[in-house]
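Note that the protein sequences, when read in sequence, are chains L and C. Count the first sequence with this note's numbering and you get residues 51 to 478, in order. Count the second sequence with this note's numbering and you get residues 51 to 478, in order.
Since the hints were made in silico from the structure, they are not lab data. There may be inaccurate statements among the hints.
The list treats identical chains as interchangeable, and a pair is accepted whether it falls inside one copy or across any two copies.
[As the list claims (entries may be wrong)] Subject to a maximum C-alpha distance of 30 Å in a straight line, what follows is the list of computed DSS-like cross-link-like pairs (lysine-lysine):
#  : residue 1 : residue 2
1  : K215      : K448
2  : K97       : K123
3  : K63       : K123
4  : K390      : K84
5  : K147      : K55
6  : K287      : K448
7  : K287      : K251
8  : K352      : K435
9  : K76       : K147
10 : K405      : K147
11 : K250      : K275
12 : K219      : K340
Number of protein chains: 2
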Amino acid sequence: MDKNKVVSQLSLKYLFNPCTQMSEHKFLELLPIKSAKGVYLYDFNDKAYIDCISSWWVNIFGHQNEYIGKKLKEQIDCLEHIILAGFTHKPIVDLSKRLCEINNNNFQKCFFADNGSSAVEIALKMSFHKNFLQGKKKELFLSLSNSYHGETIAALSISDVGIYKNTYKDLLIKNIFTPVPSFNDSDFSSYLKALEDILKKYADKISAFIIEPLIQCAGNMNMYKVEYLNKAVRMAKEYDVDIIFDEIAVGFARTSTMFAYMQSDIVPDFLCLSKAISGGYLPLSVVMLKDCVYDEFYGDYKRSFLHSHSYTGNALACACANAVLDIFENEDVINVNKIKSAYIFKRWQEFLNYKEVKNLRHCGMVFAFDVDCNINNFTSLIKQKALEKGLLLRPLAKTIYFMPPYIINNDEIDYVINNLHLILKEIL
Amino acid sequence: MDKNKVVSQLSLKYLFNPCTQMSEHKFLELLPIKSAKGVYLYDFNDKAYIDCISSWWVNIFGHQNEYIGKKLKEQIDCLEHIILAGFTHKPIVDLSKRLCEINNNNFQKCFFADNGSSAVEIALKMSFHKNFLQGKKKELFLSLSNSYHGETIAALSISDVGIYKNTYKDLLIKNIFTPVPSFNDSDFSSYLKALEDILKKYADKISAFIIEPLIQCAGNMNMYKVEYLNKAVRMAKEYDVDIIFDEIAVGFARTSTMFAYMQSDIVPDFLCLSKAISGGYLPLSVVMLKDCVYDEFYGDYKRSFLHSHSYTGNALACACANAVLDIFENEDVINVNKIKSAYIFKRWQEFLNYKEVKNLRHCGMVFAFDVDCNINNFTSLIKQKALEKGLLLRPLAKTIYFMPPYIINNDEIDYVINNLHLILKEIL
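Just chain L, same shape as in the assembly (with noise of 0.2 Å):
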């Protein structure tokens, strides 16, 4: 039997796979890999895919990293984990601290956990919890509309992505949209006015506004200007809310600068951050924040933040983030990045020449485009199609995007935009 078919066959019998229909796989080969190396997953057949999509917006440095491997391995020589409430260690001391001085010391403390979802769940809580000790009740919540912060109940509420959060509508936690401009828009006054009818009904009841800032990633790779996200956060901290941003998906680079708010002319409140915190290879989040926050935590045991997971602080993961600091302190990332991100987008741009292909953007490295067809099962088409021609890609309803490992290199940016070429001639 084909190799890879054994391992997908066992994987189908045992393994219910995140975020997918099931019987998807009656008709999209479920693809087992068994070996990675920088841009390139192999599967068992010893077929070469490009990591298009950085498996999932997590590894900016590649597969197989040899330097966050040989600082993971001597982590594991040393210390793996620890209990961190009442101890801590060396490699989570030096990422707090390194993290507080990459955002230019803008949040003086952090809190970590193991996923995105998590890291959101906190932020929510400890917004919630410090306007409570601060004997403000505000239950609710503001978000964007299309946007995407997790899957956890409390994440979800503040989502606005109907499949994935209809059916439990009577589970989730009081949340208000304000509609998000989208990547066309540059008059906000539409967006800022219905923002501002909000805060003037709702601001006292609202502890925070959840934000990804410049792109919603989850939400079809909305990239929206920053001169809305300066005007919309000025007024709602007019307004005594708190800012929450959630560059769980953004941050380390992704927008070209370390963090997208470094974009504008704001600091939040709190700071989530997950995914590429690790380059990719352990679960890993944090939260981070100012130290007038920390101090409202501060005192007798009735103010206290009693938030933990088991794994928080984990030794391993904190290695890994670590050493991808010391990528970003020793190559000059973002800097080859710009050059890297132009190269990309001069090419991105090529698919402008289909006229079903519209709103073709960038922002760092994110490059998208929307397929306007009428193509039954897109998403898995190209998904197949991809996989074909040796590309994971994974569009996300009609958006093609592309948001690759940092280290991709011209040669690979090249074979990724040519079969992409290949792949629209022949669905188009």
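Use these hints to put chain C onto chain L, whose structure you have.
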């Protein structure tokens, strides 16, 4: 300056520790751990501490375990991580198959996540969603008084832990508690009557009854008898309520059987596992379910269970989990534990000689007693005294417990017991 202080002061400057009132560290040392091996943790002054709580109940085969470390390094040199939607890999396929097999195929599918809270949220969502697909609108959950299931909002909602959740009451989802028997109860009629009253009134609205079988660990190590579990679960099943067992803390032989439910005569609909699953190395959790549940989500896109986390099914964490299962296969862990458990309990009973010691109890490799005293800051005092004597102890309120890595030997056990005697003599 003292080497520990250098690290701990930097830690206090940048890190907000989980489950901690940070002001406690004005008096109690925040101890930095440099390395760990076996049951021993070493601080920056090279002082050793026995990890009496398996680093929050995660570490079962010791720190820097050579076998787990070796298997983890092999995985680093092959595949560290790949998106699990549309893709799969051998470590997770092997792990899923093995988890089903060591559960005697009572469950046929595995759905992965990164921490216990997320696993609980997945189980709640899955039960609710499955019922929804079957045309049943059941927006309530049922759990035991004194229960603990995690910190994300939905997991917290079904937990009965005042100080952790009271603040957030306006954010919580709807839950009903039924009283749990305590260690000393052997007549369960009033408990079962209370449960029946709830079921009679609300069963058509209750999706699932979630239970920590045999021991409510965070609930001050409340060990209740299996007879209650059997009767309560059978009753709930008669009322068409799903059963979720949260074995995050007790799974993987902590209670003497591989999973706690194996001491009962029932099999739950969902089994949540985490903590010891990776041997205390990496964040990983799983919800095990049956094909009849999986099949409900199989079909057109509208039936999809679309939960995901970026690092779901991380290959490195799966490699650790497979190594843990290897150790269970290759060494007679459960039977060796029985001998060790008997030895510990023989010595543990020496604490009955203190008049303040009440409810001395054990279950498998968990040993506990309550201290009836009026000492202020009892838990901080025990923690501090324990550190002085080279022990990591972390009482739950007035409950002292011992939950060591399984690899602890008799000399180390004696050291713990002898020093706990000294501590009690000093403070009582």
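So, going through the hints one by one against the coordinates:
Taking the shortest alpha-carbon separations for K215 and K448, only the intra-copy value of 20 Å comes in at or below 30 Å, while the best inter-copy value is 42 Å. In this assembly of identical chains, the alpha carbons of K97 and K123 lie at most 30 Å apart whether taken from the same copy (28 Å) or from different copies (24 Å). For the homomeric pair K63 and K123, the shortest alpha-carbon distance between copies (28 Å) is at most 30 Å, but the shortest distance inside one copy (33 Å) is not. Taking CA atoms no more than 30 Å apart as the test, K390 paired with K84 passes inside one copy only; the shortest distance there is 29 Å, against 40 Å between copies.
Proximity of K147 and K55 under a CA criterion of 30 Å is satisfied inter-copy only: 16 Å between copies versus 47 Å inside one chain copy. Proximity of K287 to K448 under the C-alpha cut-off of 30 Å is found in neither arrangement, the shortest distances being 36 Å within a copy and 44 Å between copies. In the homo-oligomer, the alpha carbons of K287 and K251 lie at most 30 Å apart inside one protomer (15 Å), although the nearest pairing across protomers, at 46 Å, exceeds that limit. Proximity of K352 and K435 under a CA criterion of 30 Å is satisfied inter-copy only: 24 Å between copies versus 57 Å inside one chain copy.
Proximity of K76 to K147 under the C-alpha cut-off of 30 Å is restricted to the inter-copy arrangement: shortest distance 21 Å between copies versus 49 Å within a copy. In this assembly of identical chains, K405 and K147 lie within 30 Å of each other by CA distance neither inside one copy nor across copies; the values are 50 Å within and 48 Å between. In the homo-oligomer, the alpha carbons of K250 and K275 lie at most 30 Å apart inside one protomer (24 Å), although the nearest pairing across protomers, at 55 Å, exceeds that limit. Taking CA atoms no more than 30 Å apart as the test, K219 paired with K340 passes between copies only; the shortest distance there is 25 Å, against 33 Å inside one copy.
When each numbered hint is compared with the structure, violations occur for hints 6 and 10.
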